[in-house]
Structure formats: structure tokens, C-alpha cells
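Start from chain R and add chain W according to the hints.
Protein chains: 2
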Amino acid sequence: MSSRNQSFFAAETAVTPTGPGTWSTQVSDAWNIGTNPNGGYLLASVLRAMAEISDHPDPLSVTTHFLRPGGGGEPGEVAAELIRTGRTLSTLSGSLTQGGKTRITSMAAFTDLGEVNESPITLEPPDLPPVEQCVARSGDQQGVDLPLRSRIDLRIHPDQALAGQAGDAVVSGWIRFTDDHPIDTMNLPLLADAFPPSLFGALGYIGWVPTIELTVHVRRRPAPGWIRGSFRSSDLTGNKMIEDGALWDETGALVAQSRQVGLLLTQE
Amino acid sequence: MSSRNQSFFAAETAVTPTGPGTWSTQVSDAWNIGTNPNGGYLLASVLRAMAEISDHPDPLSVTTHFLRPGGGGEPGEVAAELIRTGRTLSTLSGSLTQGGKTRITSMAAFTDLGEVNESPITLEPPDLPPVEQCVARSGDQQGVDLPLRSRIDLRIHPDQALAGQAGDAVVSGWIRFTDDHPIDTMNLPLLADAFPPSLFGALGYIGWVPTIELTVHVRRRPAPGWIRGSFRSSDLTGNKMIEDGALWDETGALVAQSRQVGLLLTQE
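Protein chains in written order, with our numbering: chain R, 5 to 272; chain W, 5 to 272.
No lab work stands behind these hints, which were simulated from the structure alone.
Some hints here could point you the wrong way.
Pairs involving identical chains hold if they fit within one copy or between any two copies, as the list cannot separate such chains.
[Unchecked claim] With a cut-off of at most 20 Å between alpha-carbon atoms, the simulated SDA-like pairs for lysine to any residue come out as follows:
| # | residue 1 | residue 2 |
| --- | --- | --- |
| 1 | 105 | 85 |
| 2 | 105 | 129 |
| 3 | 105 | 170 |
| 4 | 105 | 71 |
| 5 | 105 | 142 |
This structure is a prediction, so every number in the text was calculated from the model and none was measured.
Excised from the complex, chain R in its bound form (with noise of 0.2 Å):
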């Protein structure tokens, strides 16, 4: 239900305020992968919520645990406080409630990141193929339904869009909207948890890793185009999985990091 002037992101993540500090929301099942909403849409409508009651305008920490699976289609409410605010952050908490089950709760701080200062250090992105040699993202390679194709336009690196082809735990490459919205800072969390679980580059697919917690910090705006994306699990154990990622703008710079924990789910 996206107008012309309207992108998918904001016209699905839109919040309505219902009283002090809760607001309405519809669930789009547009972004979902199998039947369940990607996690980082359900956050998005969250960290609008947020962003309303905030004194800065940027997401700069945002860390979400995932209680129970959201539902795409289905009305939610949010809610949002702002816990506080002094000169440099705004920090707030917030959830996602649908038929009266909280399915994800958040605490995240806010700054203004439109005032920069650089320093040598920061993270270089990954070499990747232009986008036309990457692979676009299908539901077949993973065996599910990924309605989140309609939303977002993923291309990933040649020796890394099959499953077990990497080698290695690692996936990475190429990312936008599928209307080219432009990304800003509030778009940045959703993106970090856009990509396959990396996971399946060393071990196939091994089954649905749900997301624990999230966690992801935004460095710096992105300037226009396409955002480049990098992925490896650094850690598993007792069946859970640490990934950390890394986005990048068209220029190169870092403008945010991601780490999750996430439950690796075994086959009966």
C-alpha cells in the first residue's frame, strides 16, 4: 500500500499514536521469510515509535531480543519510552505486542550522527563483484517462500550464494529497497538483518536460525546508492551462533555494525 511519494519502508513500518507512549501498527507480510516477518521489519516499526519521542534524530545503539515470532498481516502495538535524554543521546526502550504476546523488546540509545569528525580508524568494506555479477537472493536456493524479495533487492557474492559454497561461515554483498528509496539511518538496522544466515556457507543449510538477540550500531549516514553488506559467525557453541556483520555505503564508508546470537535448531 505504498503511494507514489510513500516508500514500502515507511508506509509498512508507520506507527499511529493510540495514547502516551503506544502506538498502532499493521504488520506487513510483504517482508517476511517463510512465514514469519524478518525480524529487523518487526524492529523498524519499534524503532519509528522511538524516533517519535526521541531529542536525536539517529539510531546509534539498538539491541533486540526476539521473544516469539511476529505476525505478518496481523494489526501490533507499540510501545516507547524515553528513559533519557541529556545533550549528546536520547536513550529509550521499546516492544512489539501482537494478540497480546510481546514478540520483541528493545532498549536503544539516539544521537545525531550529521556532525562528524574522522579518524584513521575504522573497518574497511569487503572486495566485492559489481552488482550485476552478483546472485539475486531467491526463496528456491534456501527452500522457503521469501516474500521479503518484494522489499529488498539482495545480490549476493558469486562464491557465495549457495549454500556450503563459501567454505566458510561467511556471506556478503550487495543490498538496497526494490522501490531504490534512499537509505537513511533509521533503514540501517532492518539491513543488517537482511542477509542469509552465514552460517550456510560452512554448513549448508542446517535449518532456521532464529535470531536471539540483535544488536546494531550505526556509525555514520549513508550517502546515496547501494549499500554493501559482510557477514561471518565468529563463534558456535551448544547450538548457538554469534554473527557479526559490517554495512558499507557506495563510498566505502562504515555506517553501521551488527552482532547477533542466534539458536541454531536441530533436526528431530
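The following block gives chain W in isolation, referenced to the frame of chain R:
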């Protein structure tokens, strides 16, 4: 006030129930860096309150926002709430308040790390000279009093012990409690916040770097003995730095990963 049978940590992070979901604690000044308690130490009492109501024993993911400095030598009130519990995870929130002001607010997932199935995907420990060739962290090196030394024995890599010496934003070394109490999963978030800022290695002393947000992922129960740690600043912009760290036990097993965003205070 540690008894012969109780570690400094156990005695000085103890929480006493005062009502449903509330505890009292006494914040010691023995864990101070300069005039403020170490952030990881403040977190420890909140973590202990969480553990009291968690259905799982080990912290897996712990995110803390540091809203205001804590008061060493002053009493505090701890709150904790069990948000959700399931077969694999307990999810909790918590906070520490002193003098009516919230000092830190945390969100955590607990699990059982006793059951381990290993995979080849992990982080290898850094090469470190033996403990006796490393350099004890002293307050002199950093231009501050360091009461924390009475509680934490930290030996820094001899090539990284002086500010600016490493030439790179890294710091590594060996760490344990001064009372040599065996380290468990509840101690690891504190130890992940006890090294000097790795930025010092590249930039020299550049003022205080207060933590905005710290997330620690505990990976395994540590074997007895020293813990080795390695920390690196991955990005610095707009006076906000990201530092990644990891801790390994004496067998070389990865026991925790950490990431924090900190604020580089510039001198006026």
C-alpha cells in the same frame, strides 16, 4: 568485607531482596577507576538479581546502557524482571538506581551453557607472552587512581602497556581476580569491561572514554586459571568509538565476546 570463604566479587555484588522484583545492594568503592565505579562492576549486581529470578543459570547476552556514573561507597536499589521464560532461554530486564537516579539499565538472556556441542567455528586466542612477562596495569600509567587494582589483577602485553605504544588501537593481556577466586560465567561481563580503552594504544591518553552501551555474549563456562583478553577499536567517528573484545580461558577456549560504544570526551 570479603570473608575467608567468599570472594570479593560475591561479597561486593550481593543483593538482598526488599520486595517483589527489588533488591538492595551496597556499591563498593573498591572497584573504582578514578572516582567512579567500573561499569562492569555496576552491572554485576544487576546480573545477580536477574540470576535470582532466571530459570537458567548462565548469562548468554547482556546489554547495558550506562545512563549516569555510579556512586562508589553508596547504597543502591536493584530492580529485575523476568520478561519471558522458555525451554532454552530466560529473558530479563534490570536496573541499578542510586539516590533516586537510574545509573544503568540492562537487558539479558540467560541459558544453560553446561551442555556443549562444539563446532569448528570459533575465535582463536591471541599470542600473549607468559603472565610474568606482562605488565601490571597501574593507575600511574593512566594518570588516575585505580582502586580497581585491589580487586582485578590485569597484566598487559609488554608491547601495549604504555599509551601510544602499540601504534594500533589494541590492548591484550591476562586477567583474574586478586583473590584468585575461580571465574564463572557471572564474572565474565565484568572482566570484559576491565581493560583500559584500546584507543589509548593508537592515540595515547585522550581523556576518559565513558561507555554508552556494552553488550557481552558469554560463550562457554571457563576452565580454572587466568583469562586472556584482546580488545580492538574498530571504528571512531563523531567522537563515538566501537570496541570489540574477546576473552579466552587458559585452555584457549573462547568464553566471551564483547562490543561497546563509547564516547571520546574531548578536552575543552
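Quiz item: When the hints from earlier in the document are held up against this structure, which numbers fail?
Solution: Per hint list: 2, 3 and 5 violated.
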